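**Student:** In the order they appear, the protein sequences are chains A and B.
The first sequence: position 211 = 211 (my numbering), numbered continuously.
In my numbering, each residue carries its 1-based index in the second sequence increased by 256.
None of these hints come from the bench; they were simulated from the model.
This structure is a prediction, so every number in the text was calculated from the model and none was measured.
Be aware that one or more of the hints could be misleading.
[As the list claims (entries may be wrong)] 30 Å max Cα-Cα, derived DSS-like pairs, lysine-lysine:
id: 1; chain 1: A; residue 1: Lys67; chain 2: B; residue 2: Lys264
id: 2; chain 1: A; residue 1: Lys74; chain 2: A; residue 2: Lys247
id: 3; chain 1: B; residue 1: Lys471; chain 2: A; residue 2: Lys45
id: 4; chain 1: A; residue 1: Lys67; chain 2: B; residue 2: Lys471
id: 5; chain 1: A; residue 1: Lys45; chain 2: B; residue 2: Lys264
id: 6; chain 1: B; residue 1: Lys358; chain 2: A; residue 2: Lys14
id: 7; chain 1: B; residue 1: Lys296; chain 2: A; residue 2: Lys104
id: 8; chain 1: B; residue 1: Lys471; chain 2: A; residue 2: Lys213
id: 9; chain 1: B; residue 1: Lys358; chain 2: A; residue 2: Lys133
id: 10; chain 1: A; residue 1: Lys14; chain 2: B; residue 2: Lys264
id: 11; chain 1: B; residue 1: Lys471; chain 2: A; residue 2: Lys78
id: 12; chain 1: B; residue 1: Lys264; chain 2: A; residue 2: Lys74
Residues per chain are reported as follows:
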Amino acid sequence: MIEVRHINKSFDDKQILHDISATFYDGKTNLIIGQSGSGKTVLMKSIVGLVTPEEGEILYDGRDIMKMNLRDRKMIRKEIGMLFQGSALFDSETVLGNVMFPLKMFSDMTPAEQLERAHFCIERVNLKGADDKYPSEISGGMQKRVAIARAIALNPKYLFCDEPNSGLDPKTSILIDELLSDITREYNITTIINTHDMNSVLGIGENIIFVNKGHNGWTGTKDDIFDSDNQALNDFVFATDLFQRVKQYVKSTRAK
Amino acid sequence: MIIQSSLKSFGNYCIFIGRVFTLPDRWREFFRRYVNEIVKLGIDSIPLVIVISIFIGAVCTIQMYLNTSSPLMPRYAVGLATREIILLEFSSSILCLILAGKVGSNIASEIGTMRVTEQIDALEIMGVNSANFLVLPKVMAMVTFINVLVIFSMFTSLWGGYMVCAVTGLVPVSTYVYGIQTQFISWYVWYALIKSLFFAFVVSSVASYFGYYVKGGALEVGKASTNSVVTSSIVILLLDVILTNLMLQ
Ligand SMILES: Nc1ncnc2c1ncn2[C@@H]1O[C@H](COP(=O)(O)OP(=O)(O)O)[C@@H](O)[C@H]1O
Ligand SMILES: [Mg+2]
Chain A
1 MIEVRHINKS
11 FDDKQILHDI
21 SATFYDGKTN
31 LIIGQSGSGK
41 TVLMKSIVGL
51 VTPEEGEILY
61 DGRDIMKMNL
71 RDRKMIRKEI
81 GMLFQGSALF
91 DSETVLGNVM
101 FPLKMFSDMT
111 PAEQLERAHF
121 CIERVNLKGA
131 DDKYPSEISG
141 GMQKRVAIAR
151 AIALNPKYLF
161 CDEPNSGLDP
171 KTSILIDELL
181 SDITREYNIT
191 TIINTHDMNS
201 VLGIGENIIF
211 VNKGHNGWTG
221 TKDDIFDSDN
231 QALNDFVFAT
241 DLFQRVKQYV
251 KSTRAK
Chain B
257 MIIQSSLKSF
267 GNYCIFIGRV
277 FTLPDRWREF
287 FRRYVNEIVK
297 LGIDSIPLVI
307 VISIFIGAVC
317 TIQMYLNTSS
327 PLMPRYAVGL
337 ATREIILLEF
347 SSSILCLILA
357 GKVGSNIASE
367 IGTMRVTEQI
377 DALEIMGVNS
387 ANFLVLPKVM
397 AMVTFINVLV
407 IFSMFTSLWG
417 GYMVCAVTGL
427 VPVSTYVYGI
437 QTQFISWYVW
447 YALIKSLFFA
457 FVVSSVASYF
467 GYYVKGGALE
477 VGKASTNSVV
487 TSSIVILLLD
497 VILTNLMLQ
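Next up, chain A with everything else stripped away, as it sits in the complex (with noise of 0.2 Å):
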C-alpha cells in the first residue's frame, strides 16, 4: 500500500500539485485520471522520488520515503518497476538485454538464472522470437509489453505505469490493460497507472484517482463513476457523445 499525503508542488514559481492525497492499494489496479497538463506525471514522478515535492508524504508501506537517505532510496528502488511514457527502453540493447538489465545489475542470480527469469517474464507478456531484436525494430505494442517485461524482471512490490496505452490503437490498449491487471492480481502488486483512456479507466479502475488542475479531484472505482455528480469529473470522463450515450443507457438499465 502507498500513502500519499498533502503533496505540494512546483515549478519555477508555478505550483502543479496542490495538496494531493491519495491511497493505492495492493493488488489493485490504481488509476490517476486527468487531463493531459494535469500533473500526473509530476505526482507519479513525485510518488517515486524522481521528483522532490516542496511538502507532503509519501508512504510505502508506511516507510516515508522522503525522509530516506540515498541508500535506503536504492533499496527501496529495487521494490519498484516503472513503465514510462514512451517504453524508455535502453535502445542499443536488444529486446533480451533490456529485460536482462535489472537482473544483471541487481540480483545475485546467476548468469544461466537471469536467462531463464528473463525468458519467463518475456513469456509472461506474450512476446516471442523478438529477444535478438532492437527497440527501433519493434512496434509501439511490443515496446510496452517489453517494458512491463523489464519492469516485473526483479518482482517489483510496486509496479508504476505512465500511460502506458499513449500511442497504440484500442485493441491494443486493452490487451496491455489486461496484461497489467492480471500481473497485479497474479503477484499481489500495488499498480498505480495513469491514463486519461477512457476504456482503461471503465475496464480496470478498481480504484480511481482523479486529478483535476493539480488538485483532488474525486475519488472512487469504475462503477461509482456513472452516479458521481461531480462536475469536472463527469466533463472528463463523459466527454464524448458516446460515452454521454453509455452513462445515460448504465443509467436507465440501473433504474430497471
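Since chain A is already given, all that's left is putting chain B with the ligands on it; use the hints.
**Tutor:** Okay, now just chain B with the ligands, sitting in the frame of chain A:
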C-alpha cells in the same frame, strides 16, 4: 551576468563530475561498456584522424617551404618546422578540437536522447547511478585511448609531409627526413601526450554534462550538442594556454 552564469554552470559541472566518479555498481558491466566506448569513440575515429593528419601534414610542409625559401635558411628547416608544429600543436590541441566536434557531439546527442526519452529516469528508478553508469566508461575510454590517436596523428602527419616531398620534389626526400629528425626534443612528445589527456577529459565530460541536463525534446538535444562543442572548444583553447605556460617554460 555571464560570469555569474558561467560560475553556476561550472559549479553544477563539478557536482556532476562528483556523481560520475564513484565506484561502478557492477564492474563487469562497466568493463563491457568501457570496451564498447573505446571502439565507438576511439577506434571509429581513427580514419578521420588519419585523413585529416595526412592533409595537414602535407599542407604544413608546403607552407613551410614557401615561408623558408630564403637562401639563408637551410633546406632541412622545412622538415624541422613541420615536425615542431605537428608535435607541439596539431596532433594534440587541434586534433582534440576536431574530436570535440566528432566525439563531443556524438556523446552529447546520445546522452541527451536518453534523457528526453526517459531512459535516464528508467536507470534512476532501478537504482542505478545513471551519471556514473553512462558517463564514466566514456570519459575513461577517451582518456585512455586519446594517446593512441595522438600518436597515430603524429606519424601520419609527418608521412603526409614526406609524400608531398616525394611527389612534388619541393625539397629532396632525404633532406626532409633529415629535417624531421634533427634537433629532436623528446619532451615535446610527452608534452603533447600530457596535454591531450586533459583535452580528452574535457571533451568527454563537457559533452556528457550538456547531454545529461537536456530539458525538452529533440530540438534541445541538437542545441545541447552544439553548445557542448562550442564550450569544450573554448575550454580546450584556454587549457592549451595554461598548460603550455606550465610545461614549456
Ligand atoms: N520538469 C518540469 N519543469 C517545469 N515544468 C514542468 C516539469 N514537468 C512538468 N511540468 C509542468 O507540469 C504540468 C503538468 O505536467 P504533467 O504532469 O506532465 O501532466 P500530465 O502527465 O497530466 O499530462 C505541465 O504544465 C508541465 O508543463
Ligand atoms: Mg504525462
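**Student:** Could you tell me which of the numbered hints above are not met by this structure, giving the numbers in increasing order?
**Tutor:** Result: hints 2 and 6 break, sorted rising.
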